[in-house]
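Enquirer: Start from the sequences and build out the full structure, keeping to the hints where you can.
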Amino acid sequence: MSVVATLLKNKAPQSAWLVRVKDLASGEERVAAHTTLGAAKKTAVLFTNSLLDIDRTRLPWAEDEEQKADGIQYFRAEVDA
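Each residue of the sequence shown is one higher than the last, beginning at 1 in our numbering.
Incorrect hints may have been included.
[Stated by the list, open to error] Restricting the straight-line Cα-Cα distance to at most 30 Å, the calculated cross-link-like pairs of lysine-lysine (DSSO-like) are: (1) LYS42 to LYS68; (2) LYS42 to LYS22; (3) LYS22 to LYS9; (4) LYS22 to LYS41; (5) LYS41 to LYS68; (6) LYS68 to LYS22; (7) LYS9 to LYS68; (8) LYS68 to LYS11; (9) LYS11 to LYS41; (10) LYS41 to LYS9; (11) LYS22 to LYS11; (12) LYS9 to LYS42; (13) LYS42 to LYS11.
FYI, nobody ran anything at the bench for these hints, they're computed from the structure.
Note that this is a predicted model, so its numbers are computed, not measured.
Expert: As structure tokens, then:
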């Protein structure tokens, strides 16, 4: 089983972090929004743990530099059970 977690924030001043965690095997997806990056990352870890029935404290985040240049902050993590 694999899960893909993404964090996305638009360049608008009052925008929130959109959290999306998707189980690639079942297609189940969980979505949330937070005003801070730290809270968004914690929620992504909780969603990942519940979908894969594991106990992680962090995810291997990678930042997309192309989107960052366009003013969009985007992080992605892939986790296998």
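Enquirer: Could you run down the list of hints and mark each one as holding or not?
Expert: Hints, one by one, checked against the model:
no.	hint	verdict
1	LYS42 to LYS68	holds, 21 Å
2	LYS42 to LYS22	holds, 15 Å
3	LYS22 to LYS9	holds, 18 Å
4	LYS22 to LYS41	holds, 14 Å
5	LYS41 to LYS68	holds, 18 Å
6	LYS68 to LYS22	holds, 23 Å
7	LYS9 to LYS68	holds, 10 Å
8	LYS68 to LYS11	holds, 9 Å
9	LYS11 to LYS41	holds, 18 Å
10	LYS41 to LYS9	holds, 12 Å
11	LYS22 to LYS11	holds, 24 Å
12	LYS9 to LYS42	holds, 16 Å
13	LYS42 to LYS11	holds, 22 Å
Against the hints set out earlier in the document, no violation occurs for any number.
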